[in-house]
Amino acid sequence: MKTLPRDLSWLRFNARVLQEAQCPEVPLLERLKFLAIFSSNLDEFFKVRVATLRRLVKLKKKTRSQLQAKPKRVLAEVLAEVHRQQEEFGRTYREQVLPALSAAGIQLLSAEELTETQHAWVQQYFEKNVRDLLSPVVLDETLHQLFLKDQAVYLTFFLTKPLAKTKKAEAERVVLMELPTKRHGGRFVALPGGAGTAAGPHQVLFLDDVVRVGAA
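In this text, residue positions in the sequence shown follow my numbering: the first is 1409, and each later residue adds one.
These aren't lab readings, by the way, just hints derived from the structure by calculation. Heads up, some of the hints might be wrong.
The calculated SDA-like cross-link candidates involving lysine to any residue, where the alpha carbons are at most 25 angstroms apart (straight line), are [what the hints assert, rightly or not]:
#1 Lys1478 x Arg1499
#2 Lys1480 x Phe1453
#3 Lys1441 x His1610
#4 Lys1466 x Ser1417
#5 Lys1441 x Val1465
#6 Lys1536 x Leu1522
#7 Lys1557 x Val1458
Okay, the calculated beta carbon distance ranges per label pair [stated by the list, open to error]:
#8 Arg1414 x Gln1494: 12 to 22 angstroms
#9 Thr1568 x Pro1507: 35 to 45 angstroms
#10 Lys1469 x Ala1508: 44 to 54 angstroms
#11 Lys1557 x His1527: 24 to 34 angstroms
#12 Leu1412 x Ala1598: 42 to 52 angstroms
#13 His1527 x Lys1466: 47 to 57 angstroms
#14 His1527 x Thr1589: 15 to 25 angstroms
#15 Thr1568 x Glu1496: 32 to 42 angstroms
#16 Tyr1562 x Gly1498: 18 to 28 angstroms
#17 Ala1598 x Lys1480: 40 to 50 angstroms
#18 Gly1593 x Ser1417: 36 to 46 angstroms
#19 Arg1414 x Leu1436: 17 to 27 angstroms
#20 Thr1568 x Gly1498: 22 to 32 angstroms
Virtual Cβ for every residue (Gly too), placed ideally from N, Cα, C.
Kindly generate the complete structure, drawing on both the sequences and the hints.
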């Protein structure tokens, strides 16, 4: 009887978690939790199992030949399955969960969806509550010394400065910025307005988008 490598078997288990998020009979907030569990599981899977597979691939050929499964083949199959599941996760989030949240009176906006008034409010919020929490790091020749924190979210910015005479852009400088989720008190920002009243729905913005608007 043909058996699946344990890593592919584990991915099939995580796919069942995603199926719970897709089920319309599951309460909406529980569906959100299942999406979070799916992502958290996948993060842990990459830290442990994918890292192990990458190390096995680097073993000498004689040592690899003694393994039950070829690590290079298993790694390729794992990455292909992860890509498929991530595509499905994105469709579930965009096409099922977000519309359901909106129908329930909760709108998760992007920076591009903000009105002029909201955009101005977000800029003020950034200056007052977020700017001082940021510690941007320019990625240069000291990149090998950079230590990235576990379970942290980072944003990447590409900075260019136009030259006065030619009006052409200089070489890009890349800046890495940790999202201050814990110090800010969460990943989301509630926008003011008619939230919770007959005047309008709850409108929420990712902290990521607050930083993008403020740093623009």
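Between Arg1414 and Leu1436, does the C-beta distance stay in 17 to 27 angstroms?
-> Taking Cβ atoms as reference, Arg1414 and Leu1436 lie about 33 angstroms apart, which means the hint is violated.
Beta-carbon spacing of Tyr1562 to Gly1498 - inside the hinted bounds 18 to 28 angstroms or not = Because 20 angstroms falls inside the window, the suggested range holds.
Given hint Val1465 paired with Lys1441 - CA-CA distance at most 25 angstroms = violated (35 angstroms)
Using the beta carbons of His1527 and Thr1589, state whether their distance is inside 15 to 25 angstroms or not.
-> This hint holds: roughly 22 angstroms between Cβ atoms.
Between Lys1441 and His1610, does the CA-CA distance stay at or below 25 angstroms?
-> holds (19 angstroms)
Distance restraint between Lys1536 and Leu1522, which requires alpha-carbon spacing of 25 angstroms or less = holds (19 angstroms)
Restraint check for Lys1557 with Val1458, where alpha carbons must lie at most 25 angstroms apart | Given that 25 angstroms is the threshold and the Cα spacing comes to 18 angstroms, the pair holds.
Within a Cα-Cα threshold of 25 angstroms, do Lys1480 and Phe1453 meet the stated pairing?
-> Holds, because 17 angstroms separates the two Cα atoms, which is no more than 25 angstroms.
Given the range 36 to 46 angstroms, decide if the beta-carbon distance of Gly1593 to Ser1417 lies inside it.
-> holds (39 angstroms)
That 22 to 32 angstroms hint for Thr1568 and Gly1498 (C-beta), does it hold up?
-> Holds - the Cβ-Cβ distance for Thr1568 and Gly1498, about 30 angstroms, lies within 22 to 32 angstroms.
Quickly compare the C-alpha distance for Lys1466 and Ser1417 to 25 angstroms and report which way the hint goes.
-> holds (23 angstroms)
Just tell me: holds or violated, for the beta carbon distance of Ala1598 and Lys1480 against 40 to 50 angstroms?
-> Roughly 48 angstroms apart at Cβ, these two residues keep to the hinted range, so it holds.
Checked against the numbered hints above, the structure violates hints 1, 5, 19; every other hint is satisfied.
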